[in-house]
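J.: Once you've looked at the hints, go ahead and assemble the two chains, each given alone in its own frame, into the complex.
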Amino acid sequence: MKNNKLAGNIVETQGLTKTFGEYIAVQSLNMQVPRGTIFGFVGPSGCGKTTTVRLLTGIYKPTSGSLSVLGKNPVDFSKLDRGKIGYLIQQFVLYPDLTVWENLNFTASFYGVGIFRGKHLNKLLDFVELSGDKNKLARDLSGGMKRRLSLAATLVHNPELLFLDEPTAGIDPILRRKFWDYFKELQAEGHTLFITTQYVSEAAFCDLVGVMYGGRLLMIETPDGLRRKAYGGDVIGIRTNEEIRSEHRQQLEGLPFVRGKVKIISDQEVEVTVDAASTAVAMLLEWSQAQKLTVEMMEQKSPPFDDVFVRIIEKEIAND
Amino acid sequence: MIRFFSFLIRISSFLGKELTEIFRQPKLILTLVLGPFLIMFLFGLASPSQGRTLRTTFVVTDPNSFKEQIDSFATSFSAVLVDYVIESDKEKALAALAHDRTDMVIVVPDVPLETIQNNQQAEFLIYHNEIDPFQIGYIHSVAQVYIEEINRQFLQSVVEQEQEDSAPLQTNMETAIVKMQTLRGAIPAGDVNTAKQAADLEKDLTNLNEKLTTFRTLGADILVRPFSAKISGLSDVQLTVIGFFAPAVIVLLLQHFSITFASLSIVRETRSGIMELFKVAPITAFETLVGKYISYLFFEIILAGIVTALAVWLLKIPILGPLQDYALAVVVLLFTSLGLGFLISLISETDTQAVQYSMLLLLASIFFSGFFLDLRLMKEPITFLAWSLPATYGIRMLQNIMLRGSSVPQLVFLGIASIGIVLFLIDWLLLRKKMESQYS
Chain F
33 MKNNKLAGNI VETQGLTKTF GEYIAVQSLN MQVPRGTIFG FVGPSGCGKT TTVRLLTGIY
93 KPTSGSLSVL GKNPVDFSKL DRGKIGYLIQ QFVLYPDLTV WENLNFTASF YGVGIFRGKH
153 LNKLLDFVEL SGDKNKLARD LSGGMKRRLS LAATLVHNPE LLFLDEPTAG IDPILRRKFW
213 DYFKELQAEG HTLFITTQYV SEAAFCDLVG VMYGGRLLMI ETPDGLRRKA YGGDVIGIRT
273 NEEIRSEHRQ QLEGLPFVRG KVKIISDQEV EVTVDAASTA VAMLLEWSQA QKLTVEMMEQ
333 KSPPFDDVFV RIIEKEIAND
Chain R
246 MIRFFSFLIR ISSFLGKELT EIFRQPKLIL TLVLGPFLIM FLFGLASPSQ GRTLRTTFVV
306 TDPNSFKEQI DSFATSFSAV LVDYVIESDK EKALAALAHD RTDMVIVVPD VPLETIQNNQ
366 QAEFLIYHNE IDPFQIGYIH SVAQVYIEEI NRQFLQSVVE QEQEDSAPLQ TNMETAIVKM
426 QTLRGAIPAG DVNTAKQAAD LEKDLTNLNE KLTTFRTLGA DILVRPFSAK ISGLSDVQLT
486 VIGFFAPAVI VLLLQHFSIT FASLSIVRET RSGIMELFKV APITAFETLV GKYISYLFFE
546 IILAGIVTAL AVWLLKIPIL GPLQDYALAV VVLLFTSLGL GFLISLISET DTQAVQYSML
606 LLLASIFFSG FFLDLRLMKE PITFLAWSLP ATYGIRMLQN IMLRGSSVPQ LVFLGIASIG
666 IVLFLIDWLL LRKKMESQYS
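Protein chains in written order, with my numbering: chain F, 33 to 352; chain R, 246 to 685.
Where hints are given, some of them may not hold.
[What the hints assert, rightly or not] List time: in silico BS3-like cross-link candidates among lysine-lysine, alpha-carbon distance up to 27 angstroms:
1. F/Lys93 with R/Lys679
2. F/Lys333 with F/Lys293
3. R/Lys456 with F/Lys116
4. R/Lys424 with R/Lys456
5. F/Lys111 with R/Lys678
6. R/Lys475 with R/Lys335
7. F/Lys216 with F/Lys261
8. F/Lys216 with F/Lys116
9. F/Lys116 with R/Lys679
10. F/Lys166 with F/Lys116
11. F/Lys210 with F/Lys166
12. R/Lys561 with R/Lys272
13. F/Lys116 with F/Lys93
14. R/Lys678 with F/Lys93
15. F/Lys104 with R/Lys678
16. F/Lys216 with F/Lys333
17. F/Lys155 with F/Lys168
18. F/Lys324 with F/Lys347
19. F/Lys293 with F/Lys261
20. F/Lys93 with F/Lys104
21. F/Lys155 with F/Lys166
22. F/Lys216 with F/Lys151
23. R/Lys679 with F/Lys104
24. F/Lys111 with R/Lys679
[Said to hold, decoys possible] Below, a sample of chain F positions facing chain R; criterion: calculated Cβ distance under 10 angstroms:
25. Leu112
26. Thr139
27. Phe142
[Said to hold, decoys possible] A partial selection of chain F residues facing chain R, derived with a Cβ cut-off under 7 angstroms:
28. Thr89
29. Ile91
30. Lys116
31. Ile121
32. Gln123
33. Tyr245
34. Gly265
35. Ile268
In short, the hints are calculated from the structure, not lab data. Note that beta-carbon positions come from the ideal geometry of N, C-alpha and C, so glycine has one too.
Pulled out of the complex, with its shape left as it was, chain R reads as follows (with noise of 0.2 angstroms):
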């Protein structure tokens, strides 16, 4: 009984303790809880309660010609095509979308009429600039919508044409069928008038005749679908869902990296006592910091590269821009992640709470970064949210580069790098009210 009494007091020592140390992280224990149901709340308020609207570029050579079609038309399509504008450019039009102004460029065909009357499709002309293969096809599920309604809407206006078209051929046919019965009974006679009345009567049936011929020579699958789309994308690379989703793994897990590494590094000096010699040592917290940084993001280059070699050679991820613009990208992208593990470390009180935090921003930036759902989806409240994670910024930086081919966007860069810039300021003046002594 007494062996069985001391086994449960030794289970106690453990017990006490352990549960004494948990509650002593009042802060731990909130972020424990709370992060990833706050990430998930605000993931639900994110989340898009209808499909993506597309800014839509009508190209016609003629825009008059066809406004009030295109007027109508979109009027019709107003849930999915937004802010359509018509312009009879086509380069300029490839150009706003080469640079996220317009969603969606539908160049109309010329002479749809002509081309359909001679035994062809009228091909419409549709161009994205999107690589991720789910909005690839949902812009191929809207243009497929799109070209159904058109020809819904061209046959039903050809046949109201022909019913219109055919009332003066019904008469004429009326007309015609008196003819012959006067011509009948004129034979006989063999007059002039009768004659003429004749000739009228071949004209026309002649050109019921002609109708008739082209009606039948038209192609019952253009008869039936007189008009197409050919989609296609800005960059011709063909993408597997692996390939697209590449370049957010790299930036998430670099950017993983970064925080976690960063996040320990100054906690565990203020935990170990460290801090207290570089008060009283002339080393200041702008060296320190700056130290820091470098040796960092030496060894994350070094990671990157591994991580970029191992994506190029392994999964044939294509770099399709300029190499340096790559390396520009992975290093603005460490620069403002290691920014933010640093104020991690300089917030937290201990390891534990420092790992949570980072877990917690690897949380959210699969939530909000637009690797799980794409930006132009989420709500605009919480879009502030997701550009004020380094794996947005670096999500587009890369995705741009290594799929699309362009060089880094000015504007995504200016933003990280002025995030980087901003949290590089806020570390330095935490650490500096850490490190040095009460007097600065």
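Just chain F, with the same shape it has in the complex (with noise of 0.2 angstroms):
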């Protein structure tokens, strides 16, 4: 999977559009997937992040609209194009009579992974960390286990692309954060991954991040550009050790690289927003300066992805 890095995208959608009788699941999605990313497609419940999937990954039909996954309408998939990529399904389905390795290895089989397999699946239960509980059998494994499963067992014919739904729904922060650095190692080995999340903090981990809502892409960024849409700019946070003033923040407020309202943290600290943090920075200082105010600190802030998720959500209720 090493140096599997080709240029160009491996999903590209143009108004992918499905639904369910009345009911509007996925609407005009238009979205190009570069190879070799980490793509976070983030949303809240219900908004279609699974429904996307299952029109990328050939399970359901689009009502109407185009789609071209590693460069084919999945209509046309070979068995050979369907071994290219991986499946993560939300929910455990695997066998939970069966043990890790069986559960493993019957997996391999479907995938039509050769019978000399041995090596390989060792390797990737440590990976997901389960080589001590092979024997295991699945219904007694703890959630998070379950989830490191399902994982390998969608790792086991090592596919290019790789449709994770929701693999870190339910499980606590610490695991969570260890199947991030599990998606990085993956990233790293060449595979593109595609991943739903309701944890829109999880966004920052993302190479591109599309952000759904009520069945709409609303916009597909890079983690800080999403901040840049929400705030309207980059945030710089400013504190000094004079009063900022009323008239101070409407000066602000009329220089022509800050965008908005200011936003007031206390008497000595306030937050802008401006076209681009690396050269309104000087500009700021200069201003400073020139109202005899002493900057104790200017810094550009990175406010949570929850609060840019919930303005960007605002902003697209505003409109609507």
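T.: Structure below.
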């Protein structure tokens, strides 16, 4: 899988729509996922994330629009193409009465992995840290171990493109972090990962993030770009030794590179949204000196993704 | 009081939940209520209103000499003896019996009158090809009634004949008496003519004496029952009731095992959600189904081996036919039963529903496969239902091989194999629909 980073998009959709009767699950989805990236698909429950994954994996037929996965419409997928896809389902679907090893072996068989696969499977179990539990029945595993077993089963045939549907749902923050470490490792090996999550903060681990809401893809951005989109630019925090008065704030809002209103944090601290932090910091320092304000701190802020997401959704609702 | 209400509320939680779950499965309720009722109703329709009829072949050396008697006899027994034919070749008749083209072969004695006159019962040889003790008993009863009727008819004809024969004899006796009187008067004269009359009288008396001698020397039992019947089956094995039912029980067990295991297989996977993974994976419905068939066949064959060994060693049930035929019959039975089980699994929505369908099939198999009621006694439309069950074919095959010592009956084998293949194809199509993406 290493050195498999070819140029181009591994997934492309154009006006992709899926309806169930009157209900529109996914509406006019336009999206490109570059090969070799971690693409996060973020949104609240029921926003159409799983439906999109099912459309991309060929489980659902689109109502309208076009799509290309691995350069093909899923309608034209051969067995070989299907072997290039790994799919982790939200819930645990493996066999509770089989052991960890037997489940993994079963999955390897139906993906057609060669019979001399013991070493490969052991390596996978090492990767998900289940080597010591290989003889345990799946029904005796904890929730987190079941997710790790599912992940190992998804990787058993070394797929090029991984669709992971809420892989971190319902597991503790430490294990969630570990999962993202696994994903980064997989990316480093050349896999492309399409990951849905309702944990907005996980967007930070992605190369690109698609934000879904009400069946619509609101935007695709890098994590930083997402923040900029949410706040209208980069956010810079300024703390001074003197009080920042209302005339100062009005002046700040009047600067050409400052967007929107100044956010008051305290008498001596505000947050301003600027076009680009890289150029704005120097200009803000100049402005402070001119106003006889002693700058104690000036830095680019990274608002939590929860706030970013809420802002984006609020904007969307306001636009509607 | 509050505690009591809390107690009631806690009970109501399960009351509501259980009832809601049950009523969410209308198909299950329908099968639970209507299934057994329907089976009983159909069984009522299938049950015979009169005894079994027997297709009969009469074997006589010279068909023309006995045709009239056989026709008359068969007509008087038309409620039991049907489609009767008269055959001169015994071997040909027995071959027809072995191939189920006739139910009973009656070999008429060659020279019955001479045999009886030699103070021996004229024996009718009656052949059947039954292994069911109840059916053998039925044939014995029919044969008994048959022979009683022949004896009655024979006695009647003998009495009529004797009455007819005794008329000239009586005239002769009267003449002899007259002659005796004349002779008594003519004795003193001593003429030649009178001497001739005396000679005639002596002849008549001698004749009468001979008839009386024959009559007196005949045994009373021969006189009362001049004909007897010897009944033989084509198979020499004497079966107990357990022995007869053992192959059917083996078939029902194997069918039920296969259907139960297979019926839970796919429905569980559908419920667990792994089917979604199959849709994305490069595995096809055909590969999945073949894999499942092979694994269950492997397991069921081991099970069949154990059940057969127990039947042979513990119950002393013979396998008179070739073992390879027995194995072939078991494999085709398992294959077809698995097909039926997978079909149940594919159309069921829950485990409970699948188990319920399997139980209904077992019930239907007990009633309609010939296990409970002989297929030949069932009414025609219901036999279609009987022949749609693998157990019906299985019982026929195993009884033939185990108890009759025959090989696999070809038509029955072709029948069950065809059903098995059709079921495989249906299962394949249904699984494809379930497993493969909506694009397919």
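J.: Could you run down the list of hints and mark each one as holding or not?
T.: We went through each hint and held it up to the structure:
1. F/Lys93 with R/Lys679: Holds. F/Lys93 to R/Lys679 sits at ~14 angstroms (cutoff 27 angstroms).
2. F/Lys333 with F/Lys293: With a Cα-Cα distance of about 16 angstroms, the restraint between F/Lys333 and F/Lys293 holds, given a limit of 27 angstroms.
3. R/Lys456 with F/Lys116: violated (107 angstroms)
4. R/Lys424 with R/Lys456: Holds, at roughly 21 angstroms.
5. F/Lys111 with R/Lys678: The hint holds at about 17 angstroms.
6. R/Lys475 with R/Lys335: With a Cα-Cα distance of about 15 angstroms, the restraint between R/Lys475 and R/Lys335 holds, given a limit of 27 angstroms.
7. F/Lys216 with F/Lys261: holds (25 angstroms)
8. F/Lys216 with F/Lys116: This hinted pair holds, its Cα atoms lying about 19 angstroms apart.
9. F/Lys116 with R/Lys679: holds (22 angstroms)
10. F/Lys166 with F/Lys116: Satisfied, since the Cα-Cα distance of roughly 26 angstroms is no more than 27 angstroms.
11. F/Lys210 with F/Lys166: holds (20 angstroms)
12. R/Lys561 with R/Lys272: violated (44 angstroms)
13. F/Lys116 with F/Lys93: holds (20 angstroms)
14. R/Lys678 with F/Lys93: Between R/Lys678 and F/Lys93 the Cα gap is close to 14 angstroms, so the pair holds against 27 angstroms.
15. F/Lys104 with R/Lys678: holds (22 angstroms)
16. F/Lys216 with F/Lys333: Holds. F/Lys216 to F/Lys333 sits at ~25 angstroms (cutoff 27 angstroms).
17. F/Lys155 with F/Lys168: holds (17 angstroms)
18. F/Lys324 with F/Lys347: violated (36 angstroms)
19. F/Lys293 with F/Lys261: Holds: F/Lys293 and F/Lys261 sit about 15 angstroms apart, inside 27 angstroms.
20. F/Lys93 with F/Lys104: Holds: F/Lys93 and F/Lys104 sit about 14 angstroms apart, inside 27 angstroms.
21. F/Lys155 with F/Lys166: holds (12 angstroms)
22. F/Lys216 with F/Lys151: holds (23 angstroms)
23. R/Lys679 with F/Lys104: holds (23 angstroms)
24. F/Lys111 with R/Lys679: Given pair F/Lys111, R/Lys679 holds - Cα atoms ~18 angstroms apart, limit 27 angstroms.
25. Leu112: holds (7 angstroms)
26. Thr139: Status holds, d = 8 angstroms.
27. Phe142: With a closest approach of 4 angstroms, the F/Phe142 hint holds.
28. Thr89: The hint holds - F/Thr89 has a Cβ within 7 angstroms of chain R, the shortest such distance being about 5 angstroms.
29. Ile91: This interface hint holds because 5 angstroms falls under the 7 angstroms limit.
30. Lys116: It is violated, given that the least Cβ distance between F/Lys116 and chain R is near 9 angstroms, above 7 angstroms.
31. Ile121: holds (6 angstroms)
32. Gln123: This interface hint holds because 6 angstroms falls under the 7 angstroms limit.
33. Tyr245: violated (24 angstroms)
34. Gly265: violated (41 angstroms)
35. Ile268: Violated. Min distance 46 angstroms.
The structure is inconsistent with the numbered hints 3, 12, 18, 30, 33, 34, 35, although it conforms to all the rest.
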